[in-house]
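Sequence lines, in order, name chains V and G.
As numbered in the UniProt record's numbering, residues 1 to 114 make up the first sequence, in order.
As numbered in the UniProt record's numbering, residues 1 to 227 make up the second sequence, in order.
If you are wondering where the hints come from, they were derived from the structure by calculation, not from laboratory data.
Bear in mind that the values here come from a model prediction, so they are computed numbers and not experimental data.
By construction, the Cβ of each residue, glycine as well, lies at the ideal position given by its N, Cα and C atoms.
There could be a bad hint or two in this list.
[Unchecked claim] Covered stretches of chain G (chain V as the covering partner; in silico rule of three or more C-beta atoms under 8 Å from a C-beta of chain V):
#: 1; segment: 13-26
#: 2; segment: 95-108
#: 3; segment: 149-162
#: 4; segment: 187-200
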Amino acid sequence: MHELSIAMSIVDMAQEEAERRNVRVEAVHLELGALSGVVKEALLFSFEIACDGTPLEGSRLVVKDVPIEVYCPACNLPKILASMQWFCCPDCGAQTAEVIHGKELVITALELKQ
Amino acid sequence: MSHEPRLLEVRKNVLKQNDVIARALRDRFRSQGTYVISLVSSPGAGKTTFLEKTLTLLRPHCRVAALVGDLATENDAIRLARSGAPVRQITTGTLCHLEAAMVEHSLNDWNLGQLDLLFIENVGNLVCPASYDLGEDLRLVLLSVTEGEDKPLKYPTIFNSADAAVITKIDLAAAVEFDDLTANANIQAVRPGMSVFKVSAKTGEGMDAFLQFLAQKHARSSQKTTV
């Protein structure tokens with residue numbers, strides 16, 4: 001399980017950003033791709049532990065799931081995969097390995113304490 | 001009185017630190033002409049035996065070396081060293097995967113200019129290694145016939161992140177009634193177009209086809225570097 005070390009990186013990065021801007025953090029917003037290799041539940045659990053004893057203690061992690069988007073060469077369009085066990089266009093069935101989105105592991109915003 | 005949350009937009013890649021090191025490693029490998037192959041699989045898929053065979057077969061023809069990651073023991077490095085190639089162990093302690101910084105650190109005094117091919121054997125794990133770029137040119141995912149044909153469907157992320165698949169221990173295929181067509185269909189489902197090799201490191205079966213593929217990849221990458 002690498003989610004704890006990833007959670008610790010998230011806390012470090014958020015804290016650094018908060019200190020630099022002199023703000024206090026209520027929640028960290030994160031985009032998490034289905035192909036990131038990170039398990040959401042494990043990350044949420046780890047985040048609480050990673051926050052302990054830091055200025056982010058008590059803050060929340062708000063995760064936005066990013067589905068896998070591929071490029072379909074037959075339709076010539078980006079498409080959202082119906083299943084990660086089946087890398088093919090949900091409309092025409094053409095196989096494709098060209099991933100556009102789904103690998104994200106990105107802090108997108110800090111929600112500030114009022 | 002607004003209860004709208006105040007959002008401060010930032011856009012920071014959580015794995016940026018790893019990716020920066022991986023990119024620097026890739027540049028360094030390219031500039032030195034070293035082609036780098038990483039191996040991922042579940043524990044027991046036969047990575048070390050496959051790598052030992054690969055190193056032994058390659059050594060008369062080119063300059064090869066290996067880094068091998070493991071949680072605790074140095075057993076794999078000792079086994080791989082029997083091939084005669086330089087081998088170094090990366091002991092990760094409790095960490096379940098290799099990160100670019102560990103590769104960078106373990107290479108510090110190696111002269112890459114004297115290496116044609118460098119293999120990096122990751123810790124046995126089909127989940128965590130998928131997230132970490134090690135600066136490799138080619139990622140191989142290994143699957144042994146004893147694991148069952150549906151492994152790619154159970155771990156699509158790591159299979160999708162790999163460039164080629166190697167089915168190992170095919171000398172045992174009949175005994176475990178391994179269904180070759182199903183396994184291949186499952187690999188293609190999660191990574192369309194992926195090259196698949198069937199090998200037995202024990203008998204040597206299938207190793208030639210794999211080594212030819214590797215030689216082609218290496219040659220193509222050298223051309224790119226010199227052009």
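These are the hints, each one checked on the structure:
Remark: the segment 13-26 of chain G is confirmed as covered by chain V, as 4 of its residues place a Cβ nearer than 8 Å to a Cβ of that chain, reaching the required three. Coverage of the segment 95-108 of chain G by chain V holds [criterion: at least 3 residues with CB-CB distance below 8 Å; count 3]. Coverage of the segment 149-162 of chain G by chain V holds [criterion: at least 3 residues with CB-CB distance below 8 Å; count 6]. Under a criterion of three residues with beta carbons nearer than 8 Å to beta carbons of chain V, the stated coverage of the segment 187-200 of chain G is upheld, 7 such residues being counted.
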